[in-house]
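Protein chains in written order, with our numbering: chain A, 1 to 133; chain B, 1 to 133; chain C, 1 to 133.
Source of the hints: derived by calculation from the structure; they are not laboratory data. Note that the structure is a prediction, hence the values are computed from the model and not measured. Some hints here could point you the wrong way.
[To be verified] Covered stretches of chain A, going by a simulated chain B footprint (3 or more residues, C-beta under 8 angstroms):
hint: 1; segment: 2 to 13
hint: 2; segment: 71 to 82
hint: 3; segment: 92 to 101
hint: 4; segment: 113 to 121
[To be verified] DSBU-like mimics (lysine-lysine), calculated; alpha carbons at most 35 angstroms apart, straight line:
hint: 5; chain 1: B; residue 1: K3; chain 2: C; residue 2: K3
hint: 6; chain 1: A; residue 1: K73; chain 2: B; residue 2: K73
hint: 7; chain 1: B; residue 1: K73; chain 2: C; residue 2: K73
hint: 8; chain 1: C; residue 1: K3; chain 2: A; residue 2: K3
By construction, the Cβ of each residue, glycine as well, lies at the ideal position given by its N, Cα and C atoms.
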Amino acid sequence: MIKRFSVETTSRNQMIGITALVEDIVSESGVDHGLCLIQSLHTTAGLTVNENADPHVCADILARLTEIVPFEKAYQHSEGNSDAHIKASLVGFSESLFVDDGALVLGTWQGLYLCEFDGPRRRHVIVKVVADS
Amino acid sequence: MIKRFSVETTSRNQMIGITALVEDIVSESGVDHGLCLIQSLHTTAGLTVNENADPHVCADILARLTEIVPFEKAYQHSEGNSDAHIKASLVGFSESLFVDDGALVLGTWQGLYLCEFDGPRRRHVIVKVVADS
Amino acid sequence: MIKRFSVETTSRNQMIGITALVEDIVSESGVDHGLCLIQSLHTTAGLTVNENADPHVCADILARLTEIVPFEKAYQHSEGNSDAHIKASLVGFSESLFVDDGALVLGTWQGLYLCEFDGPRRRHVIVKVVADS
Chain A
1 MIKRFSVETT
11 SRNQMIGITA
21 LVEDIVSESG
31 VDHGLCLIQS
41 LHTTAGLTVN
51 ENADPHVCAD
61 ILARLTEIVP
71 FEKAYQHSEG
81 NSDAHIKASL
91 VGFSESLFVD
101 DGALVLGTWQ
111 GLYLCEFDGP
121 RRRHVIVKVV
131 ADS
Chain B
1 MIKRFSVETT
11 SRNQMIGITA
21 LVEDIVSESG
31 VDHGLCLIQS
41 LHTTAGLTVN
51 ENADPHVCAD
61 ILARLTEIVP
71 FEKAYQHSEG
81 NSDAHIKASL
91 VGFSESLFVD
101 DGALVLGTWQ
111 GLYLCEFDGP
121 RRRHVIVKVV
131 ADS
Chain C
1 MIKRFSVETT
11 SRNQMIGITA
21 LVEDIVSESG
31 VDHGLCLIQS
41 LHTTAGLTVN
51 ENADPHVCAD
61 ILARLTEIVP
71 FEKAYQHSEG
81 NSDAHIKASL
91 VGFSESLFVD
101 DGALVLGTWQ
111 GLYLCEFDGP
121 RRRHVIVKVV
131 ADS
């Protein structure tokens, strides 16, 4: 069964932690051992894993991505948000994680993030928890 | 069961929409609810999700990737296509999507693309549709 | 069942081939047809697929990533390794591959790599092989 949640972003570029939201879905699924797949339904907002402790890491990721793919570049796409499309393809739109003993498996410092590159907006994420057969 | 299809690319850098090809495989699988995994079998052509409406978005993605990873850079790899290897690792080689009610789940503006970085060539993609247990 | 292995890296930036380690896990699983998911448990080391023949390709990938995301940049994160966090999010932390006839499915030139961006360190990778239902 596909579960869905929404996130309200508040800046043009923003990484919002969604680990707890996904952990709740894993918990409610009742699955002890399996996989958890997470997908962004957008083309200007992606998903990534990164450090869950110091928020400066997310700030550094966003700042460097904006240097690599600047907003002010001349792009063909008339909506003026090609930078957001490019950044999202660089971080990717989905994550595949493991479920073990009823919990999402992440490294000690790993957190899951929605990466907003064209906010503020309401963003939609879908999640599926699949039990081992 | 693994399904396979080929795509003939016509430029060195090119994004070719493969959503319909993958949707056909999902439809033929008869799976109503499950996962669809897609993998590029190459090291100089990857896969990504991005906008399915304005083709300028793909042109902007390719142009910016070529600025980030220029063809003319001095590389050690003697085949002269290291830029293509690097770009492919940046966008990635596989996608994991959901199947619901017999259809591939994509956001309104999402399409699936083969990203050619060393064409023109014939490229091979494999697809597996897995039913929920 | 989740399997785990460790890799000792010896440089700050390094791509270490892990295809054989993952192939061993697939073989021991006894699964003939299914999926193989691989996840890095870190935030400064990722995973990617790329060329398995000429090691110059990996050297070129690492060199170019370091030009795109330089070590010496001014970052907010006090540990001084933000470049490693950013590179890892660019290549990604997980791979989803297929298993067919008891073997991992990779293209002719494809190999699987752990991408170390903040070594030398001991790194942990987890793997799950899921049989088709």
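Evaluation of the provided hints:
1. 2 to 13: violated (count 1)
2. 71 to 82: n = 7 at 8 angstroms, threshold three: holds.
3. 92 to 101: n = 4 at 8 angstroms, threshold three: holds.
4. 113 to 121: With 0 residues close enough to chain B, the hint is violated.
5. B:K3 / C:K3: 27 angstroms, holds
6. A:K73 / B:K73: 22 angstroms, holds
7. B:K73 / C:K73: 22 angstroms, holds
8. C:K3 / A:K3: Within the cut-off at roughly 27 angstroms; holds.
Consistency with the previously given hints fails for numbers 1, 4, ordered from lowest to highest.
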